[in-house]
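Student: The lines below spell out each chain.
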Amino acid sequence: EAQVTQNPRYLITVTGKKLTVTCSQNMNHEYMSWYRQDPGLGLRQIYYSMNVEVTDKGDVPEGYKVSRKEKRNFPLILESPSPNQTSLYFCASSFTGYEQYFGPGTRLTVT
Amino acid sequence: AQSVTQPDIHITVSEGASLELRCNYSYGATPYLFWYVQSPGQGLQLLLKYFSGDTLVQGIKGFEAEFKRSQSSFNLRKPSVHWSDAAEYFCAVGLPGTYKYIFGTGTRLKVLA
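Chains F and A, in that order, give the protein sequences. Residue numbering for the first sequence follows the working numbering, beginning at 138 and increasing consecutively. Residue numbering for the second sequence follows the working numbering, beginning at 1096 and increasing consecutively.
Don't read these hints as lab results, they were simulated from the structure. If you're wondering where the values come from, they're calculated on a predicted model, not measured in any experiment. One or more hints might be untrue.
[Claimed, not checked] Calculated cross-link-like contacts (lysine to any residue; reagent style SDA-like; alpha-carbon spacing at most 25 Å): (1) F:194 x F:144; (2) A:1195 x F:154; (3) A:1195 x F:244; (4) F:208 x A:1141; (5) F:208 x A:1190; (6) A:1205 x A:1135; (7) A:1195 x A:1106; (8) A:1195 x A:1164; (9) A:1163 x F:194; (10) F:208 x F:219; (11) A:1144 x F:219; (12) A:1195 x F:204; (13) A:1205 x A:1152; (14) A:1156 x A:1136; (15) F:194 x A:1098; (16) A:1195 x A:1205; (17) A:1156 x F:179; (18) A:1163 x A:1208; (19) F:194 x A:1164; (20) A:1195 x F:175; (21) F:208 x A:1163; (22) F:154 x F:219; (23) A:1144 x F:196; (24) A:1195 x F:205; (25) A:1156 x A:1178; (26) F:202 x F:138; (27) F:208 x F:163; (28) A:1195 x F:232; (29) A:1144 x F:138; (30) A:1195 x F:178; (31) A:1163 x A:1097; (32) A:1144 x A:1154; (33) F:194 x F:244.
Please put together the full structure from these sequences, using the hints given.
Tutor: Here it is in structure tokens:
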């Protein structure tokens, strides 16, 4: 089954403790992206990647890192999480870079 | 700056009634246009897309959308709403050549039995 998977689905952590949210797709898509969803703000793009080793900033990249060492994986790294990064995070992939397939989401709480 | 506006935060319709959700964008050229649906606790699913050509596009679940260049709009419509359509709907634009993607703030649809 074609899908985008994210792990973990739920995470509660404390300020400053480094964490990684994994994202994997099995559709051989070159394009992958991360978004955060906050009430009243819709989804905002954090980072995106057009191919292996090629990444670029979206609208809200501060406090986040990404890497793309393999085509199928695109982890999101929070090196020092803060409470304002409490949010619902979505990973997406695409063949064209435009029609996107979304993962189920990761709900992160930073206390 | 590029932006997407969904002016209706909440919409309530009766089952069987018609539906129109509004979306306007601000961009110097014609972007690629999308509508996504998010059911409670779920990820987003693509309903329909517009890249070029025919300005009336058909999507899944009986939805359609019309691109109006003069109004910078891409409104979503459905002639008869079902209770299962209750969800949040997001309009999005992709900026050609940039891979940047901008979402609207969403419209939450409630369907009355």
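Student: Measure nothing beyond the straight line between the CA atoms of residue 1144 of chain A and residue 219 of chain F; if it is 25 Å or shorter, mark the hint as holding.
Tutor: Not OK: residue 1144 of chain A and residue 219 of chain F at ~36 Å, beyond 25 Å, violated.
Student: Given the hint that residue 202 of chain F pairs with residue 138 of chain F, does the C-alpha gap stay at or below 25 Å?
Tutor: violated, 29 Å
Student: Does residue 1163 of chain A pair with residue 1097 of chain A here, judged by a C-alpha cut-off of 25 Å?
Tutor: holds, 17 Å
Student: Hinted pair, alpha-carbon criterion (25 Å max): residue 1163 of chain A, residue 1208 of chain A. Please report holds or violated.
Tutor: Roughly 32 Å between the alpha carbons, so the hint for residue 1163 of chain A and residue 1208 of chain A is violated.
Student: Please verify whether residue 1195 of chain A and residue 175 of chain F have alpha carbons no more than 25 Å apart.
Tutor: holds, 19 Å
Student: Measure nothing beyond the straight line between the CA atoms of residue 1195 of chain A and residue 205 of chain F; if it is 25 Å or shorter, mark the hint as holding.
Tutor: Distance of about 17 Å is within 25 Å: holds.
Student: CA of residue 1205 of chain A to CA of residue 1135 of chain A, is that 25 Å or under?
Tutor: holds, 12 Å
Student: For the pair supplied as a hint, residue 1195 of chain A and residue 232 of chain F, is the alpha-carbon distance within the 25 Å limit?
Tutor: holds, 14 Å
Student: Hey, residue 154 of chain F versus residue 219 of chain F, does the alpha-carbon distance stay inside 25 Å?
Tutor: holds, 9 Å
Student: For a C-alpha distance cap of 25 Å, please report whether residue 1195 of chain A and residue 1205 of chain A respect it.
Tutor: violated, 30 Å
Student: Check the hint pairing residue 208 of chain F with residue 1141 of chain A against an upper bound of 25 Å on the C-alpha distance.
Tutor: holds, 22 Å
Student: Would the pair residue 1195 of chain A and residue 154 of chain F pass a check requiring their Cα atoms to be no farther apart than 25 Å?
Tutor: Distance ~30 Å between residue 1195 of chain A and residue 154 of chain F Cα, so the pair is violated.
In this structure, the earlier hints numbered 2, 7, 9, 10, 11, 16, 18, 19, 21 and 26 are contradicted, and the remaining ones agree with it.
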